[in-house]
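Take these sequences, add in the hints, and give me the full structure.
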Amino acid sequence: MTSRKKAALLAGAAAVALTLAGCAGGGSSGGGGGSAEAPSGDKPYIALVSKGFQHQFWQAVKEGAENKAEELGVDITFEGPASETEVDNQLTMLQSAIDKKPDAIGYAALDPEACIPLMEAAESAKIPVVQFDAGCNSDYPVSIAKTDSLGAGALAADHMAELIGEKGEVAIVGHSQINSTGVERRDGFVDQIEEKYPDIEIVDIQYGDGDHLKSADIAKAMIAAHPDLKGIYGTNEGSAIGVVNAVSELGIEEGELTVIGFDSGQAQIDAITNGLMAGAITQNPIGIGEQTVQAAFDAIEGNTPPEVIDTGYFWYDKENMEDEEIAAVLYK
Amino acid sequence: MNATPVTETPAEIKNPEPQRGGGALSFLRAQLQQSLAFATLVVLLIFFSFASNNFFTWSNISGILLSTAVIGILALGTTFVIITGGIDLSIGTGMTLAAVMTGIFLVNLQLPLVVGVLGGIATGALMGFVNGVNIAILKLPPFIATLAMMLIAQGLALVISGVRPIYFSGVTGFKNIALGTLIPGLPNAVLILFVLAIVAYLMLSKTILGRYTFAIGSNEEASRLSGVNTRKWKIMIYTVAGVFTGIAGVVIAARLDSAQPQLGVGYELQAIAAVIIGGTSLLGGRGSIMGTLIGALIMSVLINGLRIMSIQTEWQNVVVGIVILVAVFTDSLRQRRSAS
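Here the protein sequences line up with chains Z and G, keeping their order. Going by this note's numbering, the first sequence opens with residue 1, and the numbers climb by one from there. Going by this note's numbering, the second sequence opens with residue 1, and the numbers climb by one from there.
If a hint is listed, it holds; no wrong ones were tucked in.
Derived DSS-like pairs (lysine-lysine); straight-line CA-CA distance at most 27 Å:
#1 Z/318 to Z/196
#2 Z/126 to Z/101
#3 G/175 to Z/332
#4 Z/43 to Z/100
#5 Z/196 to Z/167
#6 Z/318 to G/175
What the hints contain is simulated information worked out from the structure, not anything from laboratory work.
So, in C-alpha cells, the structure goes:
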C-alpha cells in the first residue's frame, strides 16, 4: 500500500468517524471567534466569555455590552465558541480570560458543571465573576442576568393554546436537548400545555440544532406525519425560521397551521409581518449585555449587584411589534 | 460471485474505462454495488411506507427530494475528488462562503441575477482551484489542504457577512432558483440536482477528465509515467468539485432566501457519507455518479422516515451511523473478495 493510499484510508476513517459526530451535533469544528485581545489601558477591563458569537442573538448581547461599556468607560472583550456544543473550547477561552487577569469576568455557561473548577480558579485569582444567560453550579459568581426560559416557554404555550382554540395537536422543533435554554424553553411549554390545556396533545418533539435547513426538513416531516397538526413551536431563531420555510414551501394557507417562534431577527420579523408566523417570544438580549457589564462594573467598584437580574421576555406579533417597548428589544 | 481475480494491469491504467475497467466482470461488480445500494433504497421506501401511512405521499416524497438537493449536489462534486483517492472537507463551509458571496453580489452590490449567481459559483470554483493547486503543486495531503480551506471559508463567510445573515427578499426571482417549479410539483432545486447528476455522469464516463479521474485514483504514479499531466488534471478535478460547491451554495441560499453565515459545518461529512454509501471507494479508482445519487437518497429517505415515525433525534443519528458502517463494510468485503 502506498503512503498516499494509507493517507486516504486514514482520511476516510476520520471522515466516517466525524460524520457520526457531525450528524449528532449538527457539527462544528474549528476555533471560536470574537474579539479577544486584552486591551491595555487604565480603564477597568471586563472579559466576557459567551456561549457563541455567530448568532444574531449573541451579536445583540455583544452590542448591549459594548454600549454599556462605552457609557461606563470600561474596556470589554467578547468572545465565544463557534457553536453551542463546544463546551471544551469555551472552557479554554474562560481559562485564558482568567489568565489575562481582568478586573472582572462575565460568563455564560455552556455546561453548568464543567465550569466549576474554573470558577474556583477565578476565585483564587480574586477576579469577580458575573454571569449571563446561563449559570454555573458554583457559589462564587455574584450575579446573573438572564431570561426566565421556563416562563418564556409557558408564555409561548399560552399563546399557542389561544390561537388554536385550546384543542388539537401541536409539535415542537427544538434547537437543543442538552443546553439549558433548549431544555427550559421546551419544558416550560410542555408543562404549561399539560397542566392547563388537557385537550392539546404534543405529538412530536424533534431537534434541528438551530440549523435552518435541517429544521425545515424536520417540520415538513412532522406535517406529513401528522396531517391534523394545528401548530408548531420553534424554540430559537433557526428552528423557527426552519418551520416558516417548511410552511411556505408546502404552500399551507394562512391560519391552517399556527407557527410560534422565539427571539427575533429580520426573517422572523418578516414572517410575522406577512402572516406566516403568528408571533414569537423575544428576550431582551441587548438588556442582557447591558446588565452584565453593569453588574461587572458594580462588582469592580465594590458594590453588590443583584443576585438575579431578570431581563424579561415578551410576546410579540403583528399587533404590538411597533410598540416602543417591543421594538426596543427586537434585533434585525 | 467474483471469484476471478481482477488485477490492475498497466494496459488498464492507460485506458481506464470507468465502470468497465476489467471487462464484463468488473462491469458486473459495479452494477452489483449499485444494485445493492438501489435495493437498500427500495427496501427503505417499502419499510417506511408500511410503517407510516403518511410516508409515501407526493408532498413527502417531494420533501425528501428537496432535502436531498443540497447534500446531493455537494456529493456529486466530491465523487470526482474521492475517485482520485483524495478528499474534500471544504465543501460544507465553502458552500456557505459561496452563498454569502452570492448575497454580496446580489444584495450589497445589486448586480443582475445571472451575474450574482455566476459569481457565487465562481467563488466555489476559485476555492476548488486553490485546493487543487495546494494539493497538486504544493503536494499538501488533500485532507490537510481542504481542512485548512474549510476553516478559511468558514472564517471568511463570517467576516464578509459581518456575522449577519444576508436576506434576498428584495431580489426578484432568486428564491425561484430553488423553489420555483419548472416541472409542476417538482421544486427546481431537485431538477438542478438531477440535471447536474446527468452532467456529472457524462463528465465522468464520456470525457477525458473522467478517464483521468479514474486513472489518477487507480495509480497516480503510473498515470504520470505514461504521460498524463496529473498535476493539471488534479487541479481541474478539484475545480470541478468547487463548481458543484458553488452551485450548492446558490441553491441553499435560494431555498432559505438568505445566506446564513454560520451554517455549513458538517454538511461535507454528510456529502462524503452519501458518496461512500453509493459505493465509491475512499482508496480511489472506483465509483459512480449513480451510486452517489442513490447514496444521497438513502441518507435523506432514512432521516425523513425516522422523523415521520417520530423516532427520537438521538436515535436517528445512531441509525444513520450504523447504515454508514454497514455500507462501508459490505463494500470492503466485496473488495477483499474480488482481490483474493
